[in-house]
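**Q** Those protein sequence lines, which keep their order, are chains A and B. If you read the first sequence in the numbering used here, its first letter stands for residue 1, the second for the next number, and so on. If you read the second sequence in the numbering used here, its first letter stands for residue 131, the second for the next number, and so on.
The reader is advised that the hints may include incorrect statements.
What the hints assert, rightly or not - Only part of the chain A face toward chain B is listed, based on derived beta-carbon distances under 8 Å: (1) Phe29; (2) Pro38; (3) Leu51; (4) Leu62; (5) Trp63; (6) Leu95.
Claimed, not checked - Stretches of chain A that chain B covers, calculated by requiring three or more beta carbons in the stretch to come under 8 Å of a beta carbon on chain B: (7) 9 to 15; (8) 102 to 108.
The set of hints was computed from the structure by calculation and includes no laboratory data. Since we're looking at a predicted model, the values are computed, not measured. Think of the CB as a built atom: it goes at the ideal place given N, C-alpha and C, for glycine as much as any other residue.
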Amino acid sequence: MRDRYQELADRGANVAVIAAGFPAMAKDFQQEYRLPFPVLADTPRATYAALGLKRASRLGVLWTSLRELALLRGVRALARRGVGPPKKRQSLLQLGGALVVAPGGKVKLVHRATEVNDNVPVDALLEALR
Amino acid sequence: MALRDADDREVRLGELWRERPAALVWIRHYG
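Given the sequences, and given the hints that come with them, work out the whole structure.
**A** Structural data, given as structure tokens:
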């Protein structure tokens with residue numbers, strides 16, 4: 001999404017990413033990935049619940065990780081960065097989603113992930129912003 | 131509903147689409 005942010009901005013949209021956790025984590029994430037849009041912290045995950053975003057099963061997360069070799073990448077990342085304490089208020093089981101809302105509040109798109117790699121395509125966001 | 135931005139300022143979700151469309155993405159975790 002970072003790489004296609006300008007396309008979204010060109011359609012006049014306010015763009016933001018929301019994640020569970022604390023504002024300091026949002027700041028680190030925004031800086032690490034050089035995101036040109038805000039990262040908002042939803043510490044109690046209230047918006048996740050309000051949007052009906054579900055949690056994956058542990059088996060589903062494990063299976064997807066193995067299938068996509070994310071586990072291997074994770075091990076490599078850990079080797080590069082070192083092992084640290086798990087970040088608070090985060091859950092690997094939490095699934096994501098997306099929302100496009102027109103001015104005034106009309107919902108144009110709702111995406112609720114059904115598995116861990118079910119991310120909304122940027123093209124779908126752009127289409128909803130037409 | 132209100133969230134906190136990276137500078138710990140309150141952001142009301144409704145403000146994001148009050149005058150312009152909003153594209154919001156909820157991620158699983160920060161990584």
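**Q** Compare the structure with each hint and give your call.
**A** Comparing the hints with the structure gives:
Of the supplied interface hints, the one on Phe29(A) holds, with its beta-carbon coming within about 5 Å of a beta-carbon of chain B, less than 8 Å. The closest approach between the C-beta of Pro38(A) and any C-beta of chain B is roughly 5 Å, which is under the 8 Å cut-off, so the hint is satisfied. For Leu51(A), the interface hint holds, since its Cβ comes within 8 Å of a Cβ in chain B; the closest pair sits about 7 Å apart. Contact between Leu62(A) and chain B, as hinted, is not supported at the beta carbon level, the nearest pair being about 14 Å apart and thus beyond 8 Å.
For Trp63(A), the interface hint is violated, the least distance from its beta-carbon to any beta-carbon of chain B being 15 Å, above 8 Å. Of the supplied interface hints, the one on Leu95(A) holds, with its beta-carbon coming within about 6 Å of a beta-carbon of chain B, less than 8 Å. Residue count for the segment 9 to 15 of chain A with a Cβ under 8 Å from a Cβ of chain B: 5. That meets the three needed, and the coverage hint holds. Only residues whose beta carbon comes within less than 8 Å of a beta carbon in chain B count, and the segment 102 to 108 of chain A has 5; three or more means the coverage holds.
In summary, the structure is inconsistent with hints 4 and 5 from the numbered list given earlier, while agreeing with the others.
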